[in-house]
Amino acid sequence: MGHALTTEQAAARTLFYHADEHDHEAGGSTLLGFWIYLMSDCLIFAVLFATYGVLSNNYAGGPEPKELFDLSLVAVNTTMLLLSSITYGFAMLSSYRKSVAATQLWLVVTGLFGAAFLSIELYEFAHMIHEGAGPQRSAFLSAFFTLVGTHGLHVTFGIVWLITLMIQVGKHGLTKANARRLACLSLFWHFLDVIWIGVFTFVYLMGMLR
Amino acid sequence: MSVHHHAGPEAGPGPEPHGSLRDYTIGFLLSVVLTAVPFWLVMGDVSWSKQTVAFVIMGFAAVQMVVHMVYFLHMTPKSEDGWTLTSLVFTLILVVITLAGSLWVMYHLDSNMMPRHPTQAEARSLD
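As they're listed, the protein sequences go chains A and W.
So for the first sequence, my numbering puts the first residue at 17; every next one is plus one.
So for the second sequence, my numbering puts the first residue at 5; every next one is plus one.
Calculated directly from the structure, the hints in this document are not laboratory data.
Quantities reported herein were computed from a predicted structural model and do not represent experimental measurements.
Take these hints with a grain of salt, some might be off.
[Claimed, not checked] Facing chain W, a subset of chain A residues (Cβ under 7 Å, in silico): (1) Phe-50; (2) Trp-51; (3) Ile-60; (4) Leu-64; (5) Gly-69; (6) Leu-89; (7) Val-92; (8) Thr-94; (9) Ser-101; (10) His-170; (11) Leu-221.
[Claimed, not checked] Anything over 10 Å on all C-beta distances counts as not near chain A; from chain W, calculated: (12) Gln-68; (13) Pro-81; (14) Lys-82; (15) Ser-106; (16) Met-117.
[Stated by the list, open to error] 25 Å max Cα-Cα, derived DSS-like pairs, lysine-lysine: (17) A:Lys-82 - A:Lys-192; (18) A:Lys-187 - A:Lys-82; (19) A:Lys-82 - W:Lys-82; (20) W:Lys-54 - A:Lys-192.
The beta carbon of each residue, even a glycine, is placed where N, CA and C say it ideally should be.
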């Protein structure tokens, strides 16, 4: 250090920080890094929302949102995702208490809600395609399937990750590394719910208002 | 006073900002209300104009996103020394530029390039 400190100043300073830098524990910056990944994912969705916003009026004479969307189905779907968010929260709370059984139970419940969400979404897609309203029908439908499908793909990978983590926790317990992984998936899962708020508001609800 | 207490090997900065049962419950209840009202506004018989409903549901969506950020993602201005908030604000600026810019440019392109839109009936007869 190049500073000349009086002994009082030096004594006062030692109260506030250590002379040596702490050791950074393994994975100490994982969550920030994962958060930055989520921000980049946020940009992907921003671009898809912008695309949808630009193309959402181009029906090419094909079906319009009012003829296609079933809001009660979307309401059920939204409920599934919201419930899966709170049950993931319960899994996190159980993991803080170091209860492996409770953590696993809540992860299973979260996975089931996620799977229910996906099944309803796939049913909706299949129904639309069956009616001739597939992604190739109009620019509106291409943008719709890209945006909603990308979100659904994220949920799919979230479920794969969730199952992987359940196996990890089953094998190794709630170790520090597994706690960190659970925290990352928590961010991912809740982030998908935030994106879904945008989807049901701008795509489905605003679509019905048109 | 920011004196660190290193109690043992498990101490030190925790792996993540912890949520509590209270946080999750408040967040969930708020989300239920903030989701149910927009659905009811669109599905129920509400005598407001479409434009009013659209603005109100966009407002609800914005509030619900903040609720999720605070109660589910446990964001505070201090988490990770403020870097989560900094990166979020930066991302939001990019999101606003992307969305507003695309819609603005494409709207004007559309209205300047297309003399008129064929009506639904005309377009259908072309199929």
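So, going through the hints one by one against the coordinates:
Evaluation of the Phe-50 (chain A) hint against chain W yields a violated restraint, the C-beta minimum of about 10 Å exceeding 7 Å. Using the Cβ-Cβ criterion of 7 Å, the hint placing Trp-51 (chain A) at the interface with chain W is satisfied: the shortest such distance is roughly 5 Å. Interface restraint check for Ile-60 (chain A): the shortest CB-CB distance to chain W comes to about 10 Å, outside 7 Å, so the restraint is violated. The interface hint given for Leu-64 (chain A) is broken, as the beta carbon of that residue sits about 10 Å from the closest beta carbon of chain W, more than 7 Å.
Satisfaction of the interface hint for Gly-69 (chain A) is found here, the shortest Cβ-Cβ separation to chain W being roughly 5 Å, below the 7 Å cut-off. Hint status for Leu-89 (chain A) relative to chain W: violated, with the closest Cβ pair at about 12 Å, above 7 Å. Below 7 Å, beta-carbon pairs count as interface contacts, and Val-92 (chain A) has none with chain W, the closest being about 11 Å; its hint is therefore violated. The closest approach between the C-beta of Thr-94 (chain A) and any C-beta of chain W is roughly 6 Å, which is under the 7 Å cut-off, so the hint is satisfied.
For Ser-101 (chain A), the suggested interface contact is upheld, since its CB lies about 6 Å from the closest CB of chain W, less than 7 Å. Against a cut-off of 7 Å between C-beta atoms, the interface hint on His-170 (chain A) is violated, since the closest Cβ of chain W lies about 15 Å away. A cut of 7 Å between beta carbons decides the hint on Leu-221 (chain A): the least distance to chain W is about 5 Å, and the hint holds. Taking the minimum C-beta to C-beta distance to chain A, about 5 Å, the non-interface status of Gln-68 (chain W) is violated against the 10 Å cut.
No beta-carbon of chain A comes within 10 Å of the beta-carbon of Pro-81 (chain W); the shortest separation is about 14 Å. Lys-82 (chain W), annotated as away from the interface, keeps every beta carbon of chain A farther than 10 Å; the closest lies near 13 Å. The beta carbon of Ser-106 (chain W) is not kept farther than 10 Å from every beta carbon of chain A, the shortest such distance being approximately 4 Å. With a closest Cβ-Cβ approach of about 13 Å to chain A, Met-117 (chain W) is found to remain outside the 10 Å limit, as its non-interface label requires.
Of the supplied pair hints, the one linking Lys-82 (chain A) and Lys-192 (chain A) is violated, its CA atoms being roughly 50 Å apart against a limit of 25 Å. For a cut-off of 25 Å, the pair hint linking Lys-187 (chain A) to Lys-82 (chain A) is broken: about 49 Å separates their Cα positions. As the CA atoms of Lys-82 (chain A) and Lys-82 (chain W) are separated by approximately 44 Å, the hinted pair breaks the 25 Å bound. Note on Lys-54 (chain W) and Lys-192 (chain A): the hinted pairing is violated, with a Cα-Cα distance of about 51 Å set against a maximum of 25 Å.
Consistency note: the structure conflicts with the earlier hints numbered 1, 3, 4, 6, 7, 10, 12, 15, 17, 18, 19, 20.
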